[in-house]
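Visitor: Residue numbers (our numbering), protein chains in the order written: chain Z, 181 to 310; chain W, 2 to 132.
Be aware that a few hints might be false.
[As the list claims (entries may be wrong)] In silico contact screen, one side only, chain W against chain Z (beta carbon under 10 Å); selected entries:
#	residue
1	55
2	79
3	92
4	110
5	112
6	115
7	128
[What the hints assert, rightly or not] Heads up, incomplete: computed chain Z residues facing chain W, CB under 10 Å, no partners named:
#	residue
8	218
9	269
10	301
[To be verified] Just the calculated beta-carbon pair ranges, DEER-fashion:
#	chain 1	residue 1	chain 2	residue 2	range
11	W	71	Z	305	22 to 28 Å
12	Z	194	W	123	26 to 32 Å
13	W	130	Z	194	28 to 34 Å
14	Z	236	W	108	43 to 49 Å
15	Z	273	W	104	27 to 33 Å
16	W	116	Z	195	39 to 45 Å
17	W	130	Z	273	27 to 33 Å
18	Z	301	W	71	19 to 25 Å
19	Z	283	W	71	31 to 37 Å
20	Z	195	W	12	33 to 39 Å
21	Z	219	W	23	34 to 40 Å
22	W	61	Z	273	37 to 43 Å
23	Z	190	W	33	27 to 33 Å
24	Z	205	W	118	47 to 53 Å
FYI, nobody ran anything at the bench for these hints, they're computed from the structure. Just so you know, these numbers come straight off a predicted model, no measurement behind them. We put the beta carbon where it would ideally sit given N, CA and C, even for glycine.
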Amino acid sequence: MQSNSSMRTPLGRVRGLGSAKSGTGHFWLQRVTAVSNLILTVIFIFIVIALVGRPYPAAMALLTNPLVAILMLLFILSACIHMRLGMQVVIEDYIHEEGPKVLAVMANTFFAIAVGAASVYAVLKLSFGG
Amino acid sequence: MAEVKPAARPLSPHLQIYRWSWTMATSIAHRVTGTGLYLGTVLIAAWLVAAASGPAAFDTAQWIAGSIPGRLVLFLYSFSLMLHMVGGLRHFVWDMGKGYEPQTRMAMAKFSVAISAALTVLIWIVVLATR
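Model the full assembly from the supplied sequences, consistent with the hints where possible.
Guide: Okay, here's the thing in structure tokens:
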């Protein structure tokens, strides 16, 4: 007889995914994107500082630079993944009813993808020549 | 079987019960600023789409950003970003299993607010100096 008093089945323990069936995926991705956000946010702030108050031609000269465009795209991707994960935790903390919770989590995903898609489209359009 | 009503159990104390502390305030601030930054991405996306739409749209976006309400929003956004970023650094420390002692926690909370305020001021000095 097993001395372990755990209620979990051996298969459940081996898989290590818990009741949400996603294991530590959410937690880990939140940390990974926190690290990338840290680097990319600092870069993004420098880009924004270089752009504020600039007239259109000067701003375009910077935004069409390939390196600037690539860094902006990485920032958008990293930030959107991070904020979607963070907002999901907030929703799960405050909305307890199953229906509204599922809808809110879904709307959260749609929001993150919509904001990301609009931003990526804009950066690519600028980068590829307006 | 007769319907069993759940007993009136004592609820766990909520915000208004606790004495405010720096760690509690920064914990709440981390979530509030995260939510603010989340909503603010709409403005960043709108600004980028305006830039991609041409000179007229971009100049309008720049004008809005440069107005008094626009600058107020940008200031709050930059401070929120710094508070969330520096506050997030504490989570890296905690993730490594360090910094849980009461004095350390309290010092890190105060320090994170001071650093993020200083960084925000620095950003705005650079913005205003390079215009």
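Visitor: It remains to establish, for every hint, whether it holds in the given structure.
Guide: Hint-by-hint comparison with the structure:
{"no.": "1", "hint": "55", "verdict": "holds (8 Å)"}
{"no.": "2", "hint": "79", "verdict": "holds (8 Å)"}
{"no.": "3", "hint": "92", "verdict": "holds (7 Å)"}
{"no.": "4", "hint": "110", "verdict": "violated (18 Å)"}
{"no.": "5", "hint": "112", "verdict": "violated (17 Å)"}
{"no.": "6", "hint": "115", "verdict": "violated (19 Å)"}
{"no.": "7", "hint": "128", "verdict": "holds (6 Å)"}
{"no.": "8", "hint": "218", "verdict": "holds (6 Å)"}
{"no.": "9", "hint": "269", "verdict": "holds (9 Å)"}
{"no.": "10", "hint": "301", "verdict": "holds (7 Å)"}
{"no.": "11", "hint": "71(W) - 305(Z): 22 to 28 Å", "verdict": "holds (24 Å)"}
{"no.": "12", "hint": "194(Z) - 123(W): 26 to 32 Å", "verdict": "violated (51 Å)"}
{"no.": "13", "hint": "130(W) - 194(Z): 28 to 34 Å", "verdict": "violated (59 Å)"}
{"no.": "14", "hint": "236(Z) - 108(W): 43 to 49 Å", "verdict": "holds (47 Å)"}
{"no.": "15", "hint": "273(Z) - 104(W): 27 to 33 Å", "verdict": "holds (29 Å)"}
{"no.": "16", "hint": "116(W) - 195(Z): 39 to 45 Å", "verdict": "holds (42 Å)"}
{"no.": "17", "hint": "130(W) - 273(Z): 27 to 33 Å", "verdict": "violated (42 Å)"}
{"no.": "18", "hint": "301(Z) - 71(W): 19 to 25 Å", "verdict": "holds (23 Å)"}
{"no.": "19", "hint": "283(Z) - 71(W): 31 to 37 Å", "verdict": "holds (33 Å)"}
{"no.": "20", "hint": "195(Z) - 12(W): 33 to 39 Å", "verdict": "holds (35 Å)"}
{"no.": "21", "hint": "219(Z) - 23(W): 34 to 40 Å", "verdict": "violated (27 Å)"}
{"no.": "22", "hint": "61(W) - 273(Z): 37 to 43 Å", "verdict": "holds (38 Å)"}
{"no.": "23", "hint": "190(Z) - 33(W): 27 to 33 Å", "verdict": "violated (43 Å)"}
{"no.": "24", "hint": "205(Z) - 118(W): 47 to 53 Å", "verdict": "violated (35 Å)"}
Comparing the model with each earlier hint shows violations of hints 4, 5, 6, 12, 13, 17, 21, 23 and 24; every other hint is respected.
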